[in-house]
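For this one, chain A is given, so just place chain B on it according to the hints.
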Amino acid sequence: MERKLALSLKDVSVRFPRTRHIRGSAFEALHGINMDLWHGEKLGLVGRNGAGKSTLLRVIAGVLKPDSGTVYRDHGKCQLLSLGLGFLPHLTGRENAILSGLLQGFERSEIDRALADIAEFSELGEFFEQPLGTYSSGMRARLGFSIAIQLEPDVLLLDELLAVGDAEFKVKSRDALRQKLNSETTVVLVSHDERVLKELCDRVVWIRAGATVDQGETSEILERYAAARSPGASIGGKQTGKVD
Amino acid sequence: MKLRRYLQIVSFKTYADLRAERSRTYLGFAWWFLEPLLLMGVFFVVFDLIMNRGGEGFVPFLLVGLVMWQWFRASVSHSSNSILQARGLVRDVALPFVIFPLVTVCSDSIKFGMVLAVLLVILWTLGYLPGVHYMALPVVLVTELLLITGVSFLLAALVPFVPDLRFIVDPLLQAVFFLSGVFYSIDKLAPEARGLILLNPMAGVIEAARDVLMDGAWPNLGYMAIVMLAGAAFTAGGVAAIRRLSHHYPKLPN
Numbered sequence: 001m002e003r004k005l006a007l008s009l010k011d012v013s014v015r016f017p018r019t020r021h022i023r024g025s026a027f028e029a030l031h032g033i034n035m036d037l038w039h040g041e042k043l044g045l046v047g048r049n050g051a052g053k054s055t056l057l058r059v060i061a062g063v064l065k066p067d068s069g070t071v072y073r074d075h076g077k078c079q080l081l082s083l084g085l086g087f088l089p090h091l092t093g094r095e096n097a098i099l100s101g102l103l104q105g106f107e108r109s110e111i112d113r114a115l116a117d118i119a120e121f122s123e124l125g126e127f128f129e130q131p132l133g134t135y136s137s138g139m140r141a142r143l144g145f146s147i148a149i150q151l152e153p154d155v156l157l158l159d160e161l162l163a164v165g166d167a168e169f170k171v172k173s174r175d176a177l178r179q180k181l182n183s184e185t186t187v188v189l190v191s192h193d194e195r196v197l198k199e200l201c202d203r204v205v206w207i208r209a210g211a212t213v214d215q216g217e218t219s220e221i222l223e224r225y226a227a228a229r230s231p232g233a234s235i236g237g238k239q240t241g242k243v244d
Numbered sequence: 245m246k247l248r249r250y251l252q253i254v255s256f257k258t259y260a261d262l263r264a265e266r267s268r269t270y271l272g273f274a275w276w277f278l279e280p281l282l283l284m285g286v287f288f289v290v291f292d293l294i295m296n297r298g299g300e301g302f303v304p305f306l307l308v309g310l311v312m313w314q315w316f317r318a319s320v321s322h323s324s325n326s327i328l329q330a331r332g333l334v335r336d337v338a339l340p341f342v343i344f345p346l347v348t349v350c351s352d353s354i355k356f357g358m359v360l361a362v363l364l365v366i367l368w369t370l371g372y373l374p375g376v377h378y379m380a381l382p383v384v385l386v387t388e389l390l391l392i393t394g395v396s397f398l399l400a401a402l403v404p405f406v407p408d409l410r411f412i413v414d415p416l417l418q419a420v421f422f423l424s425g426v427f428y429s430i431d432k433l434a435p436e437a438r439g440l441i442l443l444n445p446m447a448g449v450i451e452a453a454r455d456v457l458m459d460g461a462w463p464n465l466g467y468m469a470i471v472m473l474a475g476a477a478f479t480a481g482g483v484a485a486i487r488r489l490s491h492h493y494p495k496l497p498n
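Sequences listed follow chains A and B, in order. If you're matching positions, the first sequence starts at 1 in this note's numbering and goes up one per residue. If you're matching positions, the second sequence starts at 245 in this note's numbering and goes up one per residue.
These are computed hints drawn from the structure, not numbers from a lab. We treat Cβ as the ideally placed atom computed from N, Cα and C, and that holds for glycine. Among these hints, one or two may not hold up.
Covered stretches of chain B, as calculated for chain A (at least 3 residues, CB under 8 Å) [stated by the list, open to error]: (1) 252 to 262; (2) 333 to 347.
Cross-link-like lysine to aspartate or glutamate pairs, in silico, EDC-like; alpha carbons within 20 Å at most [unchecked claim]: (3) Lys246/B with Asp154/A; (4) Lys246/B with Glu110/A; (5) Lys246/B with Glu107/A; (6) Lys198/A with Asp159/A; (7) Lys77/A with Asp336/B; (8) Lys432/B with Asp459/B.
Just chain A, same shape as in the assembly (with noise of 0.2 Å):
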């Protein structure tokens, strides 16, 4: 089978200014980054905090324009998953999915096609036909998760596997999301969590200090990532307990 690219990125550099000033000073959150997303792929980032890996997923998600560099995109929706996106709390649970859905780069129709399942999804019962401002913080993070669910963008960007809600919708939650990781999805998935990775993606990118370090098959690199920070390593800095 012909693999097509979904998305690529030749040397992208981003930076950020340090304040308003267009002109100010500023820090460079990327540089260098090279990768390709194949359609269909599951895609791991790896790298410890402030690597860059958020900013990269938003440099995907067109919400940041590279300052150098290029930027190929087949055409397709690429939506960050995010929860709660656009929340109004005077508008009822239903008003809130449309609303949202349509930031996230859906149109109304797909939206109200997906919007059965969503009430059903999130349990709200007839809480949905609410205003949000009535929600505990638990169910509007149930909404949120049922809206990002049920709507289909063509690639999924996720920052860190969301589990939301109380033991038992945690358990839901997290079973749909692993459902749309095994189906036809392209997806970007940052973990820091290893099994999480090993298991779901075939790829995986390594990101240090705003470059990519390393690509390609997933325990190779994985391995070499925990090389590299395992103590005596030269790079990584000091390691406590938890792994980032």
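What follows is chain B alone, placed relative to chain A:
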């Protein structure tokens, strides 16, 4: 189609804006009508009862001026803040950011539309009947709308970089208000003063509205054409500025 989705966002967010306003207060929609009426009351007391400067037909005169002015003031004041205020969304979604001031202008214009309808009914009951000159009303409205979008878009483009502008917008609007002939007739000014004050396009638009709605006269169409062109140019400039700056907005520090 991206454009269709953008239009859907504008219309749905406009609806959400109006809903928000209704649910935030007890009287909700009623405030759209009460606000100009209260302002009218204040000016009536000060200028007619206290200073004795009102004269015949002062109430409808004030009402037309205030309704036209409020449309401009509310839209500009609200939308100058709109991109800065939406920074949460700006950081997370790829959208043409002109959507944010556009939504504000839309919701304030819908409010204005309702208030205008009531104003027309009041004018008709007072004996200012519609005539052939009403044909010029769309010209007046479109001219003011273009002025609104022009000023709004330009301010919305700049405020995220210079948030201090927010503190200047309201006093500036206040100054323009005093120079717009809302509570006095610029017709009665000395010719030189009148010429100067017509450099403020809102003064001309408000006078034109009174020509059409109260005096049964044609507005100065040459003047209106110039203001309309200027408004269109400002609007285009505002849209261009927002587009030009659009890759900076998501990066601004919070």
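Hints and how they fare:
Closer than 8 Å: that is the beta-carbon criterion, and the stretch 252 to 262 of chain B has 5 residues meeting it against chain A, so the requirement of 3 holds. Requiring three or more residues with a Cβ within less than 8 Å of a Cβ of chain A, the coverage given for the stretch 333 to 347 of chain B holds, as 6 such residues are present. About 15 Å separates the Cα atoms of Lys246/B and Asp154/A, which keeps this hinted pair within 20 Å; it holds. For the given pair, Lys246/B sits about 13 Å from Glu110/A by alpha-carbon distance, which is consistent with the 20 Å threshold.
About 9 Å separates the Cα atoms of Lys246/B and Glu107/A, which keeps this hinted pair within 20 Å; it holds. Annotation: proposed proximity of Lys198/A to Asp159/A holds, straight-line Cα distance about 16 Å (limit 20 Å). Under the criterion of a C-alpha separation no larger than 20 Å, the hint pairing Lys77/A with Asp336/B is consistent with the structure, at around 14 Å. Annotation: proposed proximity of Lys432/B to Asp459/B holds, straight-line Cα distance about 15 Å (limit 20 Å).
The structure fails none of the hints (numbered hints given earlier).
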